[in-house]
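Asker: Take each chain as given, in its own frame, and dock them per the hints.
If you're matching them up, the sequences are chains A and B in order. Note that the first sequence covers residues 1 to 290 in UniProt numbering. Note that the second sequence covers residues 1 to 292 in UniProt numbering.
Some clues are possibly wrong.
Cβ pair distances, simulated, as ranges [what the hints assert, rightly or not]:
no.	chain 1	residue 1	chain 2	residue 2	range
1	A	V286	B	K72	19 to 25 Å
2	B	G80	A	E281	52 to 58 Å
3	B	L281	A	E94	37 to 43 Å
4	B	K72	A	H248	24 to 30 Å
Lysine-lysine pairs mimicking DSSO-like chemistry, simulated, CA-CA at most 30 Å apart [to be verified]:
no.	chain 1	residue 1	chain 2	residue 2
5	B	K182	B	K34
6	A	K234	A	K169
7	A	K285	B	K277
8	A	K272	A	K63
9	B	K96	A	K11
10	B	K161	A	K273
11	B	K93	B	K34
12	A	K272	B	K277
13	B	K96	B	K172
14	B	K93	B	K23
15	A	K11	B	K275
16	B	K72	A	K285
17	A	K285	B	K245
18	A	K273	B	K277
19	A	K11	B	K172
20	B	K135	B	K96
21	B	K161	B	K34
22	A	K11	B	K161
23	A	K75	A	K257
24	B	K96	B	K285
25	A	K257	A	K234
26	A	K285	A	K272
27	B	K275	A	K272
28	A	K285	B	K96
29	B	K245	B	K23
30	B	K72	B	K34
31	A	K11	B	K93
32	B	K23	A	K11
33	B	K285	B	K245
34	B	K93	B	K245
Partner residues are not named here, just some residues of chain B that face chain A (Cβ under 7 Å, in silico) [stated by the list, open to error]:
no.	residue
35	A7
36	S30
37	L139
38	S166
39	K268
Bear in mind the hints are in silico, worked out from the structure with no lab data behind them. Backbone N, C-alpha and C fix where the C-beta goes; we use that ideal spot for every residue, glycine too.
If you want the building blocks of each chain, they are given just below.
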Amino acid sequence: MAEILLSEAEKAYIHHGVQDDLRCDGRTRLDYRPIILETGLVSNASGSARLRLANSDILVGVKVELASPLPDKPKEGRLEFFVDCSANATPEFEGRGGEDLANEICRFLQRSYASGDTINLSELSVLTGQQCWVLYVDILILECGGNLYDAVSLAVKSALYATQIPSIKVATMDGDQPELELSDDPYDTKRLNTENIPCVVTLMKIGNHYLVDPTPEEECCSSSGIVVAVSGNKKITAVRKIGSGSLHPDSLVSMLKTGSEVGAVVNTILMKKLLEEETLEVSQKVGFMR
Amino acid sequence: MVDIRLASEVPPFHIVADSNEPKHLVTPGSLITKETGFMRGHGTYMQDDCLYSSVAGVVERVNQLISVRPLKSRYHGEIGDVVIGRVTEVSQKRWKLDTNARLDSVLLLQSVNLPGGELRRRSAEDELAMRQYLKEGDLVSAEVQNIFNDGALSLHTRSMKYGKLSQGCLIKVSPSLIRRQKTHFHNLPCGASIIMGNNGFVWICPTLLDDGAGGFVQNLETVPHADRQAISRLRNCVTALAHCKMMIYDTSIMHAYEASVNAGFEIKDLLLPDKIKEIALMVRKQFEMEKE
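Chain B extracted, bound-state conformation (with noise of 0.2 Å):
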């Protein structure tokens, strides 16, 4: 029921780590390199013709560009991204979402699929009938279209697979571990599905049918019960991998699922620090396994 730990019982999480360690990293404020004739990229400041890091990440270098990646930081979008974000605000012909980023971003009227399919301009009544589609907390699935000049990113739900998000369990990870891959939906074999938005919103719902989650009727039946153990499971699983610093990727989230459950551990045990380190342990061995 309660479970009290001192904190010289946990145990140290850094030693879990991808096994190719990557080679140069600073910390605010720590010296890259002395030698002049490097453009400044982003993460570094000049000071006494020396470079420094002003973030802490990884060092990049690009020819004679020098940049540090922080390892946590607000999401910074890309053409092409697909971004689970909140409402937080409908104004004038468009929508405000948060997605974790520096600034809001916008969904505009023009970029939704109205229901029923139909191709028109958006009229007047459209514009007064937003609050219905989509109000103040609501989740979306949305791909970035266009990027403004000051940095808010411009989203699109025009395909069946973006739209409104239904029941399910919403987990908040850094950006940096959510890996580039050439779908973001997966439904999992453990009767799940997935949606991994590259903001770092990772979305976890019962398996979606195969029309795709767009249009904007919800479903607000009772999810059965096996169903819900399989998504606490996974939420578990996620915050776990994220805690542990480890990439997430539809493998490595199964490959967690499974290590817990051949385990034997209770959903609520993956709560606790040492099941988290374990699992995380497990999940590299199975990568290491998976290479030879």
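Next up, chain A with everything else stripped away, as it sits in the complex (with noise of 0.2 Å):
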């Protein structure tokens, strides 16, 4: 979250703006801006998502390899994360500026995952004990604007959705030595039930209200907010609380449920408008030459 200046006129601009239920860009406070969102970019990662929200920009790529499981969870395969900030998103991710940041994003989508509600780790199983699939998400930040956390799990949710894991047969041989056939067909994959991966809602408290998405210019406004990870069916997986401000009990609990009701709301567009992409042909995929 980028630091910006501001001065006093404009924060109490900002502050009356959210009383009033109108934003600096006309948004009510529960509205998000609008978000471009396209899958399929990489072509050499098994799955791939690029995400615009307003400002911010963000690039996930999925890549599939077989490993071995956690002694602890033989029956069950992993995802790790990977977030960088890239040093062009902003002036402050220079040199080792963006660490800092990316490890608090990374650690908690590990958190959000992390209940057994979100993602069914078993289906990446593929033989008890010995191999399993790892799921290695590589996210890139590529541009700040403001609402990471939201914009990083809506794309990590879509690079989700549109991996493609390869099938694999298990072929056992004599001397007790299981062999993996790995299928000559490119198109003969898997893929993921992402139905209730979670996606993360961002509420920043300025003043007595609430707002989601919120701009630069109104988190440098705001001393306090949650991040929410809200799962499909409206289930709160992890909380955090970001800023140095405090947040009264009551205020902390309607804002989690305001939260989860957005949160809610959101999956369903996302998983319509991932459901509409996959019908439409190759030839209009668009990239970054635009």
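Answerer: Listed below in structure tokens is the structure:
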């Protein structure tokens, strides 16, 4: 979250706007800025997605590899996240400036996916105790325009939706050493069930009200907020408080409730759009050239 | 509440351009001319007796001087320009302002009006009280008085219409989109005032009273709802014009505002890519109608 300087009068204007339910760009407190989404951009990744939320630009690539499962979870595969804040995104990310934010986002994603309700990791198991699929999710933040958590989570969900995992057949040979056969057909793949993958909603508190999808100016005016990961069935999988200010328990409860409702709406609309994109032909891919 | 679009549904913006297209557009590394005898201006370089462009922009030729004016660059100040700057630093006898130029602009203590309008030499007490006038983060409208040797601009607020800016909304666009006009301060009929800084900072605020923004008093009362709506709509119109690379001046902003009201768009609808394109096309059509 970039630090922006604002004058006292500008902050007062934003405060009164939030009270009036009319923000600087005409949105209400619970409106998102327009989101532009595309999947399948990176041809050498198993799944990829690019999401633009106003000025924030996120690119996600998913690679699948075979590895041995964790000793305490022999029947499950796993997801590994890595966030890279590119120095192009904002001047604060120069050198190692973006590392803190990258680690925070990474850890939050890991926590939000840790619940069993989100993704069925046993789908990723190939040979119990010996081989499983590991999904390496690489997130690249190309431009920072506020509200990074939301944009990253939506992009990750889209990339996982578009991920194609090659199908594998297990053939047992003599000598008790099972062999894995990768299918010859590149289109013989299976997809993950991404219905319940969480979407993250950021709610910032300004005065007595809270807003969804804050711009960098609004983030600067607010002293506290929460980041909620909401899965498809309106369940909250992870919560994190951001900012240095304090939150009253009553406002925390109402923010969580609003967050889960907004998250459910975002989830349904995103799934609908991803389904729509599948019906498009390959020639309609836009990519970065616009 | 949420609008998600696929990239293929977003219409391309490049067809909305001014009807008289510039003749010679170049990109970095493209050849301008092989003829010798031309003087090299800004944005060009010479290699093997040929003149190449080093920036993306329009070729300008004045007699024997060839230069390339870039489409998107940092602000290049001229004396007499109106700029809007944000204070980044309070130093000895001067303030440093960020004006989207290559260097921070300088506002000297002797170049501002003292409250009460006194005319006297600035004393040590004035220097110590600088932060009470302008501190880090404040927005100021000023005029370029002078340019230092290193290219930094020296600003002044020696008129009642310049000074610290109060409540409102700041938009940053590319400096090349702001047209040079006689006056950059406009009280628009829709209930808001607009200041278009030559450096690409556009400030929209509730209607300024006639005595100007001079002085350092700030009005922190709640802005009425109708004014706030006008300001938000103007903000979205200016952003839409900037997105489609159309020139921003009072007439084009008012056309965009009226077009958005007549078409019945809600203020937040103006953030959507297709509405942005519609507004730009309507403004262009309005200009073509006015020409006839």
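Asker: Against each hint, give a clear statement of whether it holds in the structure.
Answerer: Hint check:
1. For the pair V286 (chain A) and K72 (chain B), the supplied restraint of 19 to 25 Å holds, since their beta-carbon distance comes to about 22 Å.
2. Judged by the Cβ atoms, the range 52 to 58 Å given for G80 (chain B) and E281 (chain A) holds: they are separated by roughly 55 Å.
3. Under the hint 37 to 43 Å, the C-beta atoms of L281 (chain B) and E94 (chain A), about 40 Å apart, fit the expected range.
4. For the pair K72 (chain B) and H248 (chain A), the beta carbons lie near 46 Å from each other, so the given range of 24 to 30 Å is not met.
5. Restraint check for K182 (chain B) and K34 (chain B): the C-alpha separation of about 40 Å exceeds 30 Å, so the hint is violated.
6. For the proposed pair K234 (chain A) and K169 (chain A), the alpha carbon gap of about 36 Å is over 30 Å, so the pair is violated.
7. The straight-line distance between the Cα atoms of K285 (chain A) and K277 (chain B) is roughly 21 Å, inside the 30 Å bound, and the hint therefore holds.
8. A threshold of 30 Å between alpha carbons decides the hint, and for K272 (chain A) with K63 (chain A) the separation of about 24 Å falls inside it, so the pair holds.
9. Proximity of K96 (chain B) to K11 (chain A) is assessed by CA-CA distance (about 21 Å); at most 30 Å being required, the pair is judged to hold.
10. Pair hint K161 (chain B) plus K273 (chain A) does not hold up; C-alpha atoms about 51 Å apart against a cutoff of 30 Å.
11. Note on K93 (chain B) and K34 (chain B): the hinted pairing is violated, with a Cα-Cα distance of about 51 Å set against a maximum of 30 Å.
12. Pair hint K272 (chain A) plus K277 (chain B) holds up; C-alpha atoms about 25 Å apart against a cutoff of 30 Å.
13. Using a Cα cut-off of 30 Å, the hinted pair K96 (chain B) and K172 (chain B) holds, with the two alpha carbons roughly 19 Å apart.
14. A distance of roughly 48 Å separates the Cα atoms of K93 (chain B) and K23 (chain B); the hinted pair therefore is violated under the 30 Å criterion.
15. Proximity of K11 (chain A) to K275 (chain B) is assessed by CA-CA distance (about 29 Å); at most 30 Å being required, the pair is judged to hold.
16. A C-alpha spacing of about 27 Å is found between K72 (chain B) and K285 (chain A), which places the hinted pair at or below 30 Å, so the restraint holds.
17. Taken as a hint, the K285 (chain A) and K245 (chain B) pair is honoured in the structure, with Cα atoms around 25 Å apart against an allowance of 30 Å.
18. Among the hinted pairs, K273 (chain A) with K277 (chain B) is consistent with the structure: their alpha-carbon atoms are about 22 Å apart, no more than 30 Å.
19. A distance of roughly 17 Å separates the Cα atoms of K11 (chain A) and K172 (chain B); the hinted pair therefore holds under the 30 Å criterion.
20. Distance hint between K135 (chain B) and K96 (chain B) is fulfilled; the C-alpha atoms sit about 10 Å from each other, no more than 30 Å.
21. Using a Cα cut-off of 30 Å, the hinted pair K161 (chain B) and K34 (chain B) is violated, with the two alpha carbons roughly 50 Å apart.
22. The straight-line distance between the Cα atoms of K11 (chain A) and K161 (chain B) is roughly 23 Å, inside the 30 Å bound, and the hint therefore holds.
23. Using a Cα cut-off of 30 Å, the hinted pair K75 (chain A) and K257 (chain A) is violated, with the two alpha carbons roughly 35 Å apart.
24. The suggested pairing of K96 (chain B) with K285 (chain B) is violated, with an alpha-carbon distance near 43 Å, which exceeds 30 Å.
25. For the suggested pair K257 (chain A) and K234 (chain A), the alpha carbons sit about 10 Å apart, so the restraint of at most 30 Å is met.
26. For the hint linking K285 (chain A) to K272 (chain A), the alpha-carbon distance of about 18 Å falls within 30 Å, and the restraint holds.
27. Distance restraint check for K275 (chain B) and K272 (chain A): the Cα-Cα separation of roughly 22 Å lies within the 30 Å cut-off, and the hinted pair is therefore satisfied.
28. Our distance criterion of 30 Å between C-alpha atoms is broken by K285 (chain A) and K96 (chain B), whose separation comes to about 46 Å.
29. With a CA separation close to 17 Å, the supplied pair K245 (chain B) and K23 (chain B) stays within the 30 Å bound.
30. Distance hint between K72 (chain B) and K34 (chain B) is fulfilled; the C-alpha atoms sit about 26 Å from each other, no more than 30 Å.
31. At most 30 Å may separate the alpha-carbon atoms for a hinted pair to count; K11 (chain A) and K93 (chain B) meet this at roughly 27 Å.
32. The suggested pairing of K23 (chain B) with K11 (chain A) is violated, with an alpha-carbon distance near 45 Å, which exceeds 30 Å.
33. Among the hinted pairs, K285 (chain B) with K245 (chain B) is consistent with the structure: their alpha-carbon atoms are about 16 Å apart, no more than 30 Å.
34. For a cut-off of 30 Å, the pair hint linking K93 (chain B) to K245 (chain B) is broken: about 39 Å separates their Cα positions.
35. Hint on A7 (chain B) holds. Least Cβ distance to chain A is approximately 4 Å, under the 7 Å limit.
36. Taking 7 Å as the C-beta cut-off, the interface hint given for S30 (chain B) is violated, the closest approach to chain A being about 18 Å.
37. The beta carbon of L139 (chain B) comes within 5 Å of a beta carbon in chain A, closer than 7 Å, and the hint placing it at the interface holds.
38. Taken as an interface hint, S166 (chain B) checks out: its beta carbon lies about 5 Å from the nearest beta carbon of chain A, inside 7 Å.
39. Restraint check, K268 (chain B) versus chain A: the minimum CB separation of about 4 Å is within 7 Å; hint holds.
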